[in-house]
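J.: Numbering (mature numbering (1 follows the signal peptide of the UniProt record, and there is no 0)), first residue to last: -25 to -1, 1 to 152.
Heads up, some of the hints might be wrong.
Unchecked claim - The following label-pair restraints were derived from C-beta to C-beta distances:
{"hint": "1", "residue 1": "T35", "residue 2": "H79", "range": "30 to 36 Å"}
{"hint": "2", "residue 1": "A94", "residue 2": "I142", "range": "20 to 26 Å"}
{"hint": "3", "residue 1": "G74", "residue 2": "I142", "range": "28 to 34 Å"}
{"hint": "4", "residue 1": "D21", "residue 2": "N91", "range": "17 to 23 Å"}
{"hint": "5", "residue 1": "I142", "residue 2": "P33", "range": "51 to 57 Å"}
{"hint": "6", "residue 1": "Q93", "residue 2": "L18", "range": "30 to 36 Å"}
{"hint": "7", "residue 1": "T28", "residue 2": "T86", "range": "27 to 33 Å"}
{"hint": "8", "residue 1": "S72", "residue 2": "Q37", "range": "39 to 45 Å"}
{"hint": "9", "residue 1": "Q37", "residue 2": "H92", "range": "38 to 44 Å"}
{"hint": "10", "residue 1": "V50", "residue 2": "S12", "range": "24 to 30 Å"}
{"hint": "11", "residue 1": "I142", "residue 2": "N89", "range": "15 to 21 Å"}
{"hint": "12", "residue 1": "R17", "residue 2": "E68", "range": "30 to 36 Å"}
Note that these hints are calculated values from the structure, not bench results. Every residue, glycine too, gets a C-beta built ideally from N, C-alpha and C.
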Amino acid sequence: MASISKAAFLILIISMVNLSTHANAECLFVGGNFSHSCRNIRLLPDRMHLEATCGTPPNTSQLYLNEKVANDNGVLRGKQCFGFMHLIEKKCEFSQSCGDIQLHGTVLSATCINNNHQAVRSSVDLDDCIMNNRGFLDWVCEIDACTAEEATDQSSFLLRRSLVELIFLCFFVCVCV
């Protein structure tokens, strides 16, 4: 009976470590990969609308990037700029503090002003934030979205941390219980 309770306790601890690891994630990589199924990807002359031809039959879809991309201290970031049911607005409007806006493939680049009033060249891969949803461009980044590279770096850190916690807890359970 004691071995069953130890096993149950160990499973509970492992589950708690796993849940705490996911709860502490600072960003979420969703990845839309719209470029895999869309073509003729381009910025419109206003430099704020992205247009692409997607799906079958081909639909031309547009997305207003000024509501989706923010200048975060000189770094372009894909975000969700509206909160609950579009009632709570968070400003993105990267075009107000960025210029020389260009698109190379799916990478949006611009020269942005940082908090020290310095011009910094920055870019964001829109493939990380846009998906083809039945022929229409759909923004999939959330408030705490990040790039695939940031998510990979963070996941490795969280995995290492959770393994250390798990080893410590297993030792504690085996010695103390």
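J.: Hint by hint, say whether it matches the structure.
T.: Here is what the structure says about each hint:
no.	hint	result
1	T35 with H79: 30 to 36 Å	violated (21 Å)
2	A94 with I142: 20 to 26 Å	violated (48 Å)
3	G74 with I142: 28 to 34 Å	violated (51 Å)
4	D21 with N91: 17 to 23 Å	violated (28 Å)
5	I142 with P33: 51 to 57 Å	holds (54 Å)
6	Q93 with L18: 30 to 36 Å	violated (25 Å)
7	T28 with T86: 27 to 33 Å	holds (29 Å)
8	S72 with Q37: 39 to 45 Å	violated (23 Å)
9	Q37 with H92: 38 to 44 Å	violated (33 Å)
10	V50 with S12: 24 to 30 Å	holds (28 Å)
11	I142 with N89: 15 to 21 Å	violated (41 Å)
12	R17 with E68: 30 to 36 Å	violated (21 Å)
In summary, the numbered hints that this structure violates are 1, 2, 3, 4, 6, 8, 9, 11 and 12.
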